[in-house]
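Chains A, C and Z, in that order, give the protein sequences. Its first residue numbered 1, the first sequence is counted upward by one per residue in my numbering. Its first residue numbered 1, the second sequence is counted upward by one per residue in my numbering. Its first residue numbered 1, the third sequence is counted upward by one per residue in my numbering.
Watch out, some of these pointers could steer you wrong.
What the hints assert, rightly or not - Here are the simulated DMTMM-like pairs of lysine to aspartate or glutamate, each with C-alpha atoms no more than 25 Å apart in a straight line: (1) A:Lys186 with C:Asp78; (2) A:Lys100 with C:Glu44; (3) C:Lys186 with Z:Glu106; (4) Z:Lys127 with C:Glu93; (5) Z:Lys127 with C:Glu44; (6) A:Lys186 with Z:Asp76; (7) Z:Lys49 with C:Glu184; (8) A:Lys48 with C:Glu142; (9) A:Lys100 with C:Glu93; (10) Z:Lys127 with C:Asp78; (11) A:Lys48 with C:Asp87; (12) A:Lys48 with C:Glu93; (13) C:Lys101 with Z:Glu30; (14) Z:Lys127 with C:Glu42; (15) Z:Lys127 with C:Glu123; (16) C:Lys101 with Z:Glu123; (17) C:Lys56 with A:Asp87; (18) A:Lys100 with C:Glu175; (19) A:Lys56 with C:Glu126; (20) C:Lys186 with Z:Asp34; (21) Z:Lys88 with C:Glu126; (22) Z:Lys65 with Z:Glu106; (23) C:Lys134 with A:Glu184; (24) A:Lys100 with C:Glu99; (25) A:Lys101 with C:Glu99; (26) Z:Lys127 with C:Glu175; (27) C:Lys101 with Z:Glu106; (28) C:Lys134 with Z:Glu30; (29) A:Lys186 with Z:Glu30; (30) C:Lys100 with Z:Glu130; (31) A:Lys186 with Z:Asp161; (32) A:Lys56 with C:Glu94; (33) C:Lys134 with Z:Glu106; (34) A:Lys100 with Z:Asp161.
Stated by the list, open to error - Some but not every residue of chain A turned toward chain C, in silico, with C-beta under 10 Å: (35) Leu29; (36) Ala31; (37) Met49; (38) Ile53; (39) Arg69; (40) Val71.
Just so you know, the hints here were simulated from the structure itself, not pulled from any lab data. Don't be surprised by glycine CBs; every beta carbon is placed ideally from N, CA and C.
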Amino acid sequence: MPDLFVATAASSNVTSLSPEDRRLHLRMLEAILFAATQPLTEAELASKMPEGIEIKPLLQELQTAYASRGVNLRPSGDAWAFRTAPDLGFLLEEHRQEEKKLSRPALETLAIIAYHQPVTRAEIEEVRGVSTSKGTLDVLLETGWVRPRGRRRSPGRPLTFGTTREFLDHFGLSEIGDLPGLAELKAAGLLSATIPPGFEGQPPFGVDAAEEDLLERETS
Amino acid sequence: MPDLFVATAASSNVTSLSPEDRRLHLRMLEAILFAATQPLTEAELASKMPEGIEIKPLLQELQTAYASRGVNLRPSGDAWAFRTAPDLGFLLEEHRQEEKKLSRPALETLAIIAYHQPVTRAEIEEVRGVSTSKGTLDVLLETGWVRPRGRRRSPGRPLTFGTTREFLDHFGLSEIGDLPGLAELKAAGLLSATIPPGFEGQPPFGVDAAEEDLLERETS
Amino acid sequence: MNGKRDFFEEELAPRPGDEDILLIDIDGFEGPLDLLLALARHQKVDLTKISVLALAEQYLTFIDKARSLHLQVAADYLVMAAWLAYLKSRLLLPDPEPLEEPSGEELAARLAFRLTRLQAMREAAEKLTERERLGHDVFARGMPEGVALGQATAWQAGLYDLLAAYAARRARHFASTIQMKKRTVIPLAEARERLMRLIGPSSSWAPIDHFLSEYLVRPELRATARASALSASLELVREGELELMQAASFAPLYVRRKPKEDARA
Numbered sequence: 001m002p003d004l005f006v007a008t009a010a011s012s013n014v015t016s017l018s019p020e021d022r023r024l025h026l027r028m029l030e031a032i033l034f035a036a037t038q039p040l041t042e043a044e045l046a047s048k049m050p051e052g053i054e055i056k057p058l059l060q061e062l063q064t065a066y067a068s069r070g071v072n073l074r075p076s077g078d079a080w081a082f083r084t085a086p087d088l089g090f091l092l093e094e095h096r097q098e099e100k101k102l103s104r105p106a107l108e109t110l111a112i113i114a115y116h117q118p119v120t121r122a123e124i125e126e127v128r129g130v131s132t133s134k135g136t137l138d139v140l141l142e143t144g145w146v147r148p149r150g151r152r153r154s155p156g157r158p159l160t161f162g163t164t165r166e167f168l169d170h171f172g173l174s175e176i177g178d179l180p181g182l183a184e185l186k187a188a189g190l191l192s193a194t195i196p197p198g199f200e201g202q203p204p205f206g207v208d209a210a211e212e213d214l215l216e217r218e219t220s
Numbered sequence: 001m002p003d004l005f006v007a008t009a010a011s012s013n014v015t016s017l018s019p020e021d022r023r024l025h026l027r028m029l030e031a032i033l034f035a036a037t038q039p040l041t042e043a044e045l046a047s048k049m050p051e052g053i054e055i056k057p058l059l060q061e062l063q064t065a066y067a068s069r070g071v072n073l074r075p076s077g078d079a080w081a082f083r084t085a086p087d088l089g090f091l092l093e094e095h096r097q098e099e100k101k102l103s104r105p106a107l108e109t110l111a112i113i114a115y116h117q118p119v120t121r122a123e124i125e126e127v128r129g130v131s132t133s134k135g136t137l138d139v140l141l142e143t144g145w146v147r148p149r150g151r152r153r154s155p156g157r158p159l160t161f162g163t164t165r166e167f168l169d170h171f172g173l174s175e176i177g178d179l180p181g182l183a184e185l186k187a188a189g190l191l192s193a194t195i196p197p198g199f200e201g202q203p204p205f206g207v208d209a210a211e212e213d214l215l216e217r218e219t220s
Numbered sequence: 001m002n003g004k005r006d007f008f009e010e011e012l013a014p015r016p017g018d019e020d021i022l023l024i025d026i027d028g029f030e031g032p033l034d035l036l037l038a039l040a041r042h043q044k045v046d047l048t049k050i051s052v053l054a055l056a057e058q059y060l061t062f063i064d065k066a067r068s069l070h071l072q073v074a075a076d077y078l079v080m081a082a083w084l085a086y087l088k089s090r091l092l093l094p095d096p097e098p099l100e101e102p103s104g105e106e107l108a109a110r111l112a113f114r115l116t117r118l119q120a121m122r123e124a125a126e127k128l129t130e131r132e133r134l135g136h137d138v139f140a141r142g143m144p145e146g147v148a149l150g151q152a153t154a155w156q157a158g159l160y161d162l163l164a165a166y167a168a169r170r171a172r173h174f175a176s177t178i179q180m181k182k183r184t185v186i187p188l189a190e191a192r193e194r195l196m197r198l199i200g201p202s203s204s205w206a207p208i209d210h211f212l213s214e215y216l217v218r219p220e221l222r223a224t225a226r227a228s229a230l231s232a233s234l235e236l237v238r239e240g241e242l243e244l245m246q247a248a249s250f251a252p253l254y255v256r257r258k259p260k261e262d263a264r265a
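Okay, chain A solo, but in the shape it has when bound (with noise of 0.2 Å):
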């Protein structure tokens, strides 16, 4: 049975608080830093904390709790901050990765292909009415959301684009099916124009997926 915490009351200089104080005092120090959006000075952390509380035996105190940790308390300069171990740092760095939102166009462009799947890239244009740039479809497809489908038996053999079950999961949708259609986009508030007549049932999901000749089976 590992000692998870190794509680090691290092400072006896606290004594003359009692234990549920000191106890208080570490959660509450804890709280702060693990909350804080930069390291904290000692001056810092001792003016959010009630007065007259000596800061630096309750650092020393989390410092030493957490050194075994996943996590550690570290000092840099005299500010503090919760830091993931030294030795797990490979945990993290391939994930020194960097959070991009999706463009206007590319959402656009995502949605679209969501719910006329399979649609050919002539086919997002005529609805978006502005031709599509490579770098969108090539933003889509690196999110994994987007796959090419299959040829389109027409003319020209065009490459039709549909989405992935990684779409469906980042979505938190359970099939493509979902979607709220153009009258429950509207009923929902999400869409102020008036339907024109004849469209109320769309979108319809797709052109009828027979006029289509599957790629070769992607993973997942």
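Could you slot chains C and Z onto chain A? The hints should help.
Using the frame of chain A, we list chains C and Z on its own:
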């Protein structure tokens, strides 16, 4: 000398592992969860850990270890995240986010979706006795707390709505079953579309027709 | 805890009190059920034991009062009033024999159920707001290093963004369709020009519809064509260009060019 962390080896089914291995796994999980920008599902966590590790008992062990700390490990649905302890919120007011205020109808609609899910728009309107105005459902969708869940197997195949993992995380619920008063409301037949027998006159106790098909799982 | 309810626009609790309930206007309510619930809560009993008969009477009194004060009462309130009046009669007059439809008691129980259920959801909503909420009472790590799963870039996009993008794009598409509808209005100038051209120099009487036949075959143009033609013809009469004649109300309207004074001589 206060016990900083109470390490309970509640799960004895991990005894086959050496204490060192288990300790390493706990540290790894800790590091990953601390570093994460959002709750991670058990599947996501497993993908970051060495193969063949049972994640759940480790998570539960960490949860217990942190239960009395200033930072807690909380599940929301099948995803886990470290969060500051609720009783210490007063220390962290500076981090409070400006949030869009929910109107009374939106909040009521949110509650109906949470307690009745999966629920159609028509059913929400039946409970509220008014049609859902614009800016109610779309605002809720925008918060990310509500999502389309599927389609009811009834004429018109209406879209159903339910809550998301972000909803659980935001309101500090580990699962939908933790909604305040859910069991009582269900037992009283108040989450049902049909009136429980003997409703008028006496308090509705011991009603068993309460389990109506409103809460039936949708196809997924 | 302080500010716990910050994220609502208004408190849930305040509802009109007993004494003023008959004085306030109906706009404070979100529909008949909301109003009924407010009235029911004034009976101050368990909603499951509420007197639906008394409730129906209160509601009807309320609506009568509002109407006597010349307040606008929306249609759905009146529909509910009619239904409650019916329910009242069903409750007062015992059913002579079992009918196909539900009995008065069953209808009353159903109403009591709906009120209880709505009340339960209101309370549930309130309980939700009392919880310790993320970003308000409970906080995430302030400096997460970030964990990526598999991919080099974490793409951010929510379902709402996706749906909103799609709706906006389709709406733009529809907007152009709607603009075509605008052309279904016949402007006054066009009607005037047309009348003058078609009537020509002829000074014999002809039904005004005769000059509009091209428009009148299209149902969507009928009203606008008639309206514009009538306005234009009145204008032309005032200017001394045309004469109008009608035998009786709603009879066909005849029009001709006003004969020139000198032509009579």
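Quick one: which hint numbers does this structure break? Sort them smallest to largest. 1, 5, 8, 9, 14, 18, 19, 22, 27, 33, 38
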